[in-house]
Amino acid sequence: MENGVITAGLEKYFNPETTEEVKVTEGTHAASYAVGLARVKVISAYPITPQTSIVEKLSEMCASGEIDAEFIKVESEHSAMACVIGSESTGARSFTATSSQGLALMHEELHWAAGARLPVVMVNVNRALGAPWNIWADQSDSLAQRDTGWVQLYAESNQEVLDMVLQAYRLAEEIMLPVMVNMDAFFLSHTTEPVAIPKQHLVDQFLPGYNPKFKMDIKDPRAFGGLATPDRYMELRYNIQKSMEGALDLIPKIADEYDAIIKRHHGGLVEEYLTEDAEYLLVTSGTITGTSRIVVDAFRNKGIKVGLLKMRVFRPFPVKVVQESAGRAKKIAVIDRNISFGQSGIFFNELKSALYNLETRPLINGYVAGLGGRDVTPSTIEKVINHLIAAEKGEDLIWMELNYESDEI
Amino acid sequence: MSDQVLTKEDFTSDQEVRWCPGCGDYSILAQTRKVLPQLGIPKENIVFVSGIGCSSRFPYYIDSFGIHGIHGRAPAIASGIKLANPDLKVFIVTGDGDGLSIGGNHLIHLFRRNIDVTVLLFNNRIYGLTKGQYSPTSERGKITKSSPFGSLENPFDPIKMALASGATFVARSVDREPKHLAETIKMAAEHVGTSFVEIYQNCNIFNDGTFESLTDPKIKKDNIVVMEEGKPYIFGKESDRVLAWEDGSFSVNMHDEASSSLVHSLANSNSSVEFALAELTMDEHKPTPIGVFRKINKNTYDGLLTKQVENVKEKLGSGDLEKLLSSGNTWEIK
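Protein chains in written order, with the working numbering: chain A, 4 to 412; chain B, 3 to 336.
These aren't lab readings, by the way, just hints derived from the structure by calculation. Some hints here could point you the wrong way.
As the list claims (entries may be wrong) - Short derived list, chain A residues pointing at chain B, Cβ under 10 Å:
id : residue
1  : Val45
2  : Ile51
3  : Thr55
4  : Glu59
5  : Ser62
6  : Cys65
7  : His81
8  : Ser246
9  : Gly249
From the three backbone atoms N, C-alpha and C, an ideal C-beta is built for every residue, glycine too.
The whole structure should be built from the sequences, with the hints applied where relevant.
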């Protein structure tokens, strides 16, 4: 296949009616093309591996006039987030991208973007945090930002990255909260896959221009970021929570609308794969999902009823959907490429909590695997499922494939 | 600690050095390893602290204590180390990205406080580790991956920044001048107070030749003036030109044995001369100074802190936390 040409057989993956061209592209560039298609006006970023190629591509697209946006390169990620907080406040659709330590440095500003109700969209490339230094895939960076008021979405493929960024703008601007789109370091960020670039006029139809109710406008002067006393603050927090809850209804709706216009659907809050009659349910997010599909098929071929629940949304946490889907299974295995020290894998913990109020609760096991970019292979996932099938009672934390165990610090 | 004499091999770690072949960092590493045994400090009293960037791989390659720290924060980490254990000799290795971009704030406050540490700033005028974006020292108009049509930003001059923020030792050297580099690092390491060395370093992959006019043997003598104690600022292939001090700035004159011109004197210098020398860097018609711009003795923050703690203890006695908690604005609710 060449760029731009949909050859015979690919129609089943890429709709020729809605596709401008098919690019063989890495995950970072898929994000950049989405930002271009979203007609973003301001981009600000600081380089960090493995995010850098997102903004490099955008910088090129800005400079060549391919997109009509201001590109502001700053001196740190903290400044990058501050910069888009500024630009969004003026009513300009804005974008930034980061990873790992960069996201950690933004922490203070993440709260601010959400509290100020600014619909910034950011792509975070999931990478491990130091010390020790590690640049590979791990979700601990974004999950540590759980309570900042950002919607968090997780992509499985480069195509999903592109589609998710476009849907993220729709969502963000409807609920007036920032959205973080996450992709795994290297497994997506630096892996090339064919990605359909949708036609611009269809994207424009799906995502109209941004026109906020409040913005910095000299004809309508207002003050921003003032003090909220104890008699006001709590209601503002309540409003954020309500908007987050609203996102639970909106995310599937927006996905359906995208499908109606662009003809592609990756699931709403979750994607269910062979879950209807599943006795054993595997729960994953990010790229571990793709590998899991193959393993689930293999078990199905042996007549063992394994299903797969892909978590696309972490915040707001889709409690109801999880209860419906996971509640049907006998036993559940959650695979986490992250760890909350002193507790367990983070998705596991959220899932377990969501299932607590069910009348009959399935057995649930938490597996931590692939930290710091270690491969999670089909054999790893096979071990998880076999362990789950044999399990007699639930275990919160099972470490997969440690090279050694030591009691030393 | 035994009295054995250390060699550069003693400071060479077992780590494979992973910079690109031809990188200027190799020269800085070699000269640092050469200088360290000359300081007469036991290995275990030396700490190298770095942040993020190619330069920041440095601590791996020196057999001493080392911390590969958080991006831009090496000055803050080093300050903590020095204040907690003033017996240690602390080096900070940073670059134009790490030290001047994300960590610029920490660096100026380090200079201001005059904490007794040595800063080696590798300036290659590019972000090398992230593969070629313009940095805070890149020249205006520079075409990089993050500025495909030329950077619009004015560059920092790290020397002026150090002078203005109050560093007490400020110098510059070049990776391709190994002897000068070793002497400068040694002087910096022996200085008491914050010492700062800007090292022009060629990134042969992403910014090759950025200092070529200062390193090409055919032309470098016309473009560099070496500041030497007690000597006038003579330069040129034929040593035929000199910097003359006129009305608060330097101009270039023909060097004539009979004429008298300003002599470089660190003891008698003043900030006007220091800044005027630093200003030459950006002036394309004048040579770039290398050597020591400033060396003055001032109280160090760590020295003052130790003294203050001692004085207060002497006056008030050792503290009692229990007493402190129940002193001042406390009241009893009945």
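Results of checking the hints against the structure:
1. Restraint check, Val45 (chain A) versus chain B: the minimum CB separation of about 15 Å is more than 10 Å; hint violated.
2. A least Cβ separation of about 7 Å between Ile51 (chain A) and chain B falls short of the 10 Å threshold, and the interface hint therefore holds.
3. Look at Thr55 (chain A): its Cβ gets to within about 5 Å of chain B, closer than 10 Å, so that hint holds up.
4. A hinted interface residue such as Glu59 (chain A) counts as satisfied when its beta carbon comes closer than 10 Å to some beta carbon of chain B; here the least separation is about 5 Å, so the hint holds.
5. For Ser62 (chain A), the shortest C-beta to C-beta distance to chain B is roughly 5 Å, which falls under 10 Å, so the interface hint holds.
6. The beta carbon of Cys65 (chain A) is positioned within 10 Å of a beta carbon in chain B (closest approach about 8 Å), and the interface hint is therefore held.
7. Below 10 Å, beta-carbon pairs count as interface contacts, and His81 (chain A) has one with chain B at about 8 Å; its hint therefore holds.
8. Given the 10 Å rule on beta carbons, the hint for Ser246 (chain A) is violated: about 33 Å separates it from the nearest Cβ of chain B.
9. Among the interface hints, the one on Gly249 (chain A) is violated; its C-beta lies about 37 Å from the nearest C-beta in chain B, farther than the 10 Å criterion.
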